[in-house]
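Colleague: Since the structure of chain W is already known, use the hints to place chain Z on it.
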Amino acid sequence: MTYPDPLTELSQPDAAPPRRRGLGPFGLLALIGVVVIAAIFGVALVRNSQSQPESGTAPDFSMTTFDGQPVSLSGLRGKVVVLNFWASWCGPCRDEADALEAMWRDYQDDGVVVLGVAFADLDPDSVAFMNEFGITYPNGPDTGTIISKELYHITGVPETFIIDQQGQVRQFIYSVVNEQDLRETVDSLLAEGESAS
Amino acid sequence: MRACNASSRRSLLILAFGLLILLVASLTQAQDGGAAITDDQVNAIARQMFCPVCENEPLDVCMTAACIRWREDIRGQLAAGRTESQIIADFVARYGERASATPLDPTLRGLSVYVPWLIAGALLLGGVGVFWRWRSTQRHVPTAPPADHPPVEAADEAAYRATLERDLKD
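Going down the list, the protein sequences come from chains W and Z.
At position 1 of the first sequence (counting the first as 1) the number is 27 in our numbering, and the numbers step up by one without a gap.
At position 65 of the second sequence (counting the first as 1) the number is 75 in our numbering, and the numbers step up by one without a gap.
In short, the hints are calculated from the structure, not lab data.
Hints are not guaranteed to be accurate.
[What the hints assert, rightly or not] Selected chain W positions facing chain Z (in silico; Cβ < 10 Å):
| hint | residue |
| --- | --- |
| 1 | D93 |
| 2 | A113 |
| 3 | W115 |
| 4 | G170 |
| 5 | T181 |
Source: prediction; values computed, not measured.
By construction, the Cβ of each residue, glycine as well, lies at the ideal position given by its N, Cα and C atoms.
One chain only, chain Z, in its complex shape:
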């Protein structure tokens, strides 16, 4: 009876110890999950944004104090569980469209995304058009007859010439 009690007590102790280890492990994991926002995660969002002070400098490579603070803000928002688009939208709301590399406003987005393609397309078509015109003018340039051959006249033109010369003589 006493041996049985000792055995069950030992089992309970082992169970409690196991539960304690599980609890500690899960708490550690939860803490790691909250703090494990890497620079790569922050920079993945920061490279889609621009420095608030410098001209045309992406946020991920900018080293001004303002950029560092913005990146820290991104890190904080990621830790709070916000998504990439939510974070960028938040920055745009606070600092305007210039904060984002690609504007969120549909009109501005359309302009920035499609205009370069339209320009490239127009230039390409223009180039093709110029080439086409050049080809057609080349096709119509009269070729000089060889020096040792008289110019070839069409039969009806020769007949007309003969008639005309005869009339003039008369």
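Pulled out of the complex, with its shape left as it was, chain W reads as follows:
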């Protein structure tokens, strides 16, 4: 067994007092500050990283159309839904309005619903737009921008989601819809539905 040399020990200069273990009040506050900052940035990052659903179950929502009819996405289960976000102030929305109305007129008896959601629009402007283009498919305002921003995370208009009979998002169209492509997609979904039944 070895013992420390007392002389050596004595010749050492005064050692610094033992350091306190753990966090002092300042350290604790700083740590809380860092955690709060990290949490805020983390939440902001997660929110910003959310993007439009391109597959999976379409987020359910309900709204009241401009003519006062309640509509819910889950209530349209069993039908192909063409969910279109638009606004009267949106130029490209004018380009696709006729195509969407034509789709609705041609397919409404085949189990297809075109559903319009007006994004950040003034109600009188929306109604004027619908009258201008003779739009007859169900359309409603997105009160509180909950459907567009909280559920579908759209970044602008027009944006369109094609949802199948089981409520799954099958296609996300970022810009103006191409009527021919839209018809092909809807036809294939209807064919899938028929073969499944």
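Modeller: Positioned in the frame of chain W, the structure of chain Z alone reads:
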């Protein structure tokens, strides 16, 4: 008698003319009052709101079609006699909290107003704490004795050393 009638008729005409001028003036003023919503008044409210489409762009400086329509809506509401807070509350009800620069919801408002101050306070306290610790460690760093002077020992330590050396020799 005839002169008196003529005089009273003239007075009546002057009175009627004066009333007509007053009526026209008050009507003009009323019309001006309704239409005199200036851009400054609209922008005073718009700068407390955000563009519905762009990211973090105040409504008063945004030039998208959506922003222009929203500003026109603000102008219309001001002309209708609504107050600033009523107009902002209406936009929040229609388009959600994101429409307002400062959330109306008490929880969100508290977060947005107080959190930056809390963070700044925590950082300041952290900084003070770090400085404090650094100062206290600096205070305890042993200072080396000058080279031409022997290390100063306390009297009791010297006595103890002498005793110990004597014991060891024995």
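Colleague: Which of the stated hints cannot be reconciled with the structure, identified by number in ascending sequence?
Modeller: 1
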